[in-house]
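Protein chains: 2
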Amino acid sequence: MNDLTQTPEMLIATMGARARRAAVTIAQASDAQKADALRRAAQAVRDQAPAIIAANARDMDNAAANGLSAAMLDRLKLVEDRIAGAAAGVEQVAALPSPLGSVIDRQVRPNGLELSRVRVPLGVIGIIYESRPNVTADAAALCLRAGNAVILRGGSEAKESNRAIHAAMLEGIVAAGLPAEVVQLVPTTDRAAVGALLKAAEFVDLIVPRGGKSLVARVQEEARVPVLAHLDGINHSYVDGAADPAMAEKLVVNAKMRRTGICGSTETVLIDRAYREAPALVRALIGAGCEVRGDDAVQGMDARVKPAQEADWDTEYLDAIVSIRMVDGVEDAIAHIVAHASHHTDAIITDDGARAERFLNAVDSAIVMWNASTQFADGGEFGLGAEIGISTGRLHARGPVALEGLTTYKWIVRGTGQVRP
Amino acid sequence: MNDLTQTPEMLIATMGARARRAAVTIAQASDAQKADALRRAAQAVRDQAPAIIAANARDMDNAAANGLSAAMLDRLKLVEDRIAGAAAGVEQVAALPSPLGSVIDRQVRPNGLELSRVRVPLGVIGIIYESRPNVTADAAALCLRAGNAVILRGGSEAKESNRAIHAAMLEGIVAAGLPAEVVQLVPTTDRAAVGALLKAAEFVDLIVPRGGKSLVARVQEEARVPVLAHLDGINHSYVDGAADPAMAEKLVVNAKMRRTGICGSTETVLIDRAYREAPALVRALIGAGCEVRGDDAVQGMDARVKPAQEADWDTEYLDAIVSIRMVDGVEDAIAHIVAHASHHTDAIITDDGARAERFLNAVDSAIVMWNASTQFADGGEFGLGAEIGISTGRLHARGPVALEGLTTYKWIVRGTGQVRP
Numbered sequence: 001m002n003d004l005t006q007t008p009e010m011l012i013a014t015m016g017a018r019a020r021r022a023a024v025t026i027a028q029a030s031d032a033q034k035a036d037a038l039r040r041a042a043q044a045v046r047d048q049a050p051a052i053i054a055a056n057a058r059d060m061d062n063a064a065a066n067g068l069s070a071a072m073l074d075r076l077k078l079v080e081d082r083i084a085g086a087a088a089g090v091e092q093v094a095a096l097p098s099p100l101g102s103v104i105d106r107q108v109r110p111n112g113l114e115l116s117r118v119r120v121p122l123g124v125i126g127i128i129y130e131s132r133p134n135v136t137a138d139a140a141a142l143c144l145r146a147g148n149a150v151i152l153r154g155g156s157e158a159k160e161s162n163r164a165i166h167a168a169m170l171e172g173i174v175a176a177g178l179p180a181e182v183v184q185l186v187p188t189t190d191r192a193a194v195g196a197l198l199k200a201a202e203f204v205d206l207i208v209p210r211g212g213k214s215l216v217a218r219v220q221e222e223a224r225v226p227v228l229a230h231l232d233g234i235n236h237s238y239v240d241g242a243a244d245p246a247m248a249e250k251l252v253v254n255a256k257m258r259r260t261g262i263c264g265s266t267e268t269v270l271i272d273r274a275y276r277e278a279p280a281l282v283r284a285l286i287g288a289g290c291e292v293r294g295d296d297a298v299q300g301m302d303a304r305v306k307p308a309q310e311a312d313w314d315t316e317y318l319d320a321i322v323s324i325r326m327v328d329g330v331e332d333a334i335a336h337i338v339a340h341a342s343h344h345t346d347a348i349i350t351d352d353g354a355r356a357e358r359f360l361n362a363v364d365s366a367i368v369m370w371n372a373s374t375q376f377a378d379g380g381e382f383g384l385g386a387e388i389g390i391s392t393g394r395l396h397a398r399g400p401v402a403l404e405g406l407t408t409y410k411w412i413v414r415g416t417g418q419v420r421p
Numbered sequence: 422m423n424d425l426t427q428t429p430e431m432l433i434a435t436m437g438a439r440a441r442r443a444a445v446t447i448a449q450a451s452d453a454q455k456a457d458a459l460r461r462a463a464q465a466v467r468d469q470a471p472a473i474i475a476a477n478a479r480d481m482d483n484a485a486a487n488g489l490s491a492a493m494l495d496r497l498k499l500v501e502d503r504i505a506g507a508a509a510g511v512e513q514v515a516a517l518p519s520p521l522g523s524v525i526d527r528q529v530r531p532n533g534l535e536l537s538r539v540r541v542p543l544g545v546i547g548i549i550y551e552s553r554p555n556v557t558a559d560a561a562a563l564c565l566r567a568g569n570a571v572i573l574r575g576g577s578e579a580k581e582s583n584r585a586i587h588a589a590m591l592e593g594i595v596a597a598g599l600p601a602e603v604v605q606l607v608p609t610t611d612r613a614a615v616g617a618l619l620k621a622a623e624f625v626d627l628i629v630p631r632g633g634k635s636l637v638a639r640v641q642e643e644a645r646v647p648v649l650a651h652l653d654g655i656n657h658s659y660v661d662g663a664a665d666p667a668m669a670e671k672l673v674v675n676a677k678m679r680r681t682g683i684c685g686s687t688e689t690v691l692i693d694r695a696y697r698e699a700p701a702l703v704r705a706l707i708g709a710g711c712e713v714r715g716d717d718a719v720q721g722m723d724a725r726v727k728p729a730q731e732a733d734w735d736t737e738y739l740d741a742i743v744s745i746r747m748v749d750g751v752e753d754a755i756a757h758i759v760a761h762a763s764h765h766t767d768a769i770i771t772d773d774g775a776r777a778e779r780f781l782n783a784v785d786s787a788i789v790m791w792n793a794s795t796q797f798a799d800g801g802e803f804g805l806g807a808e809i810g811i812s813t814g815r816l817h818a819r820g821p822v823a824l825e826g827l828t829t830y831k832w833i834v835r836g837t838g839q840v841r842p
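Just so you know, the sequences run in chain order A and B.
Going by the working numbering, 256 is the number at position 256 of the first sequence; the sequence numbering is gapless.
Convert by adding 421 to the 1-based position in the second sequence; the result is the number in the working numbering.
Check each hint, because a few of them may be wrong.
[Unchecked claim] Incomplete in silico selection of chain B near chain A, CB under 8 Å:
1) 449
2) 534
3) 540
4) 541
5) 647
6) 675
7) 738
8) 788
9) 789
10) 796
11) 800
12) 816
13) 840
14) 841
Simulated from the structure, these hints should not be mistaken for lab results.
None of these values were measured; they are calculated from a predicted model.
The beta-carbon is built from N, C-alpha and C at its ideal position, and this holds for glycine as well.
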């Protein structure tokens, strides 16, 4: 199908032109047909689990021979359960309400023109990911559900697994009468193909990187296509002087320690000097297995606290480590966050409503929280049903992004022969 | 204030850092304060009309000496009326309802978390424009009204006029208690400063070019910052077989000839072979002073029709010239538009509702119209009160863009101590 002797730019241009044509078709497909395609794709993934596991075994063998880390091997590995989970995820996306065709607003002008803004598909989405082969299924499902064509480019370590999952998805999609070009997988693991995809503004409307920080950084650096992503999640939980100590301890320990490796975990705790239970909070974190790095005052609270360096305030640990700084009330906390935040998720813990509103208003992050754990920063927890990613960018979509963020709108003007004077 | 011996990159970094700080301040300013600043700015522009006209006279002298075209000299020239118009425009923006703080949606999750998406300012906007000094006032007003800081970079031919208008605007803004850095004018006309601004993704959230096609093309080519713009307006009016002839003639002549130089003017007319009054329509356009370039069938309708070349279907004339092609019904018209449109504004003229809906659904342009003149493609006509530009891009904002397009949103989560299980 694709001639692998061609240049990466030629390959991407060929795939991009196919995707543009397929996007026109899927934009016109009915909602029922798109949902049907995803249900059939899910079933095909289930049916082909043995072939997918066999393909994955070849990837695992190669990965082990190439000395991949245990963590990467774990992300790569597919077992029956994970494949069933991927299929169930595709079915969940099929069951989501479609944003397409919904009317954002409508007005009738004094001259009788009726104007409405209606949601339509975005067009062609590029997904660049690594290691976890399940992304092949779930990212494709979200893009397709929102009426888009998608070009997938997975990691070389997962190439056999990705091909097997892609083949199964395609079987369902084609059986539902949609063109196979709706979901294309870049057939080469040549890294230059990623570069070509990132520059293909003519063919791709949005790039979503799914993977570690180095992948996201490379994509943001090289892309000439708009990118939806977050680079860092240096999230803050601010414990105000008017916080309830039991709630503060429960929230901070959950925000930091529930899962330390996710982007919504708290990395820095700011404590109001007026908060009297700071030592107990520090001990609770240490007791939960967390390394605490603190300023001088925090170091004085417990001998196990290590000194925080200036770099700690700008570090996303993604680990059982937290930095803690004492601040002089909500304004000082806001000033620290303005200086150090990555604009992902920041929370205030307080019983003082006025201070809470001041914080929610002044902190300019994609997600701001009052008396809640930052670990809730997730599309599923936000009721979106799924998530293509979390955006810390300011344009188009911000915070957890699912189907709506994969659409745009058009203006529909209905007249009765009006001419402009 | 700015040392002109520094490099363009240093200058833009200095201005960008100031703009970022000013953006934090203006994001927190009350709606009343922002409106007050604009009303004071408008009054200052009126009061300083003599100084502005004197500055403009210096620009006009230079421009004449540099041999600028009559059209450019006309765009550059400021007289009492145009200055009064600029001031009135700023007052109109002050009177617009602010989108800030409006709640896009709100939900309460089963765990009791209350989530809402609330409109907030975008941040820092860069405006790159040429010739028309009034943009200094109207673009600044729109950005400020939506709570943003703005960096203006006007054309070298208008530098004295822009400085005088900027100084007047600042007087009002500072008198209202806002920092002067909310509206900065790049003090050098060195073209390298434009390049630096286009790459300043750290300091600028959105660039809006205002000017001719060559300016927009350069901005789109060089920018590493998101750009809101349209490059072309190759707009189509499709006359269906079921169109009312009187309405069709009135709409097409208006769509093409009302003002030929605006981006919403029709450039290509597609006529259904089943439409019986095509020759009369062709004669009406010629009678209105329009040059008609047609396919073979259209050439056969009137001896004055010139042959259309292949390039005509991809040409934005912005002049009293139209290309006309006969097509086989609405599907053929859609196929032509898919192949040639610039995704700006396309219209169908028909009394057949089903065909109209098919066209409105299938044509993927920022604006699609039924029985209306494409010349209505304008923020003022769309009830937005003003317009920072029209976007043919697909992300963030599409079609006419005013205050809402200069905002983003954040997620506000209000809890009562919820932790994530």
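- Query: When the hints from earlier in the document are held up against this structure, which numbers fail?
  - Reply: 3, 7 and 11
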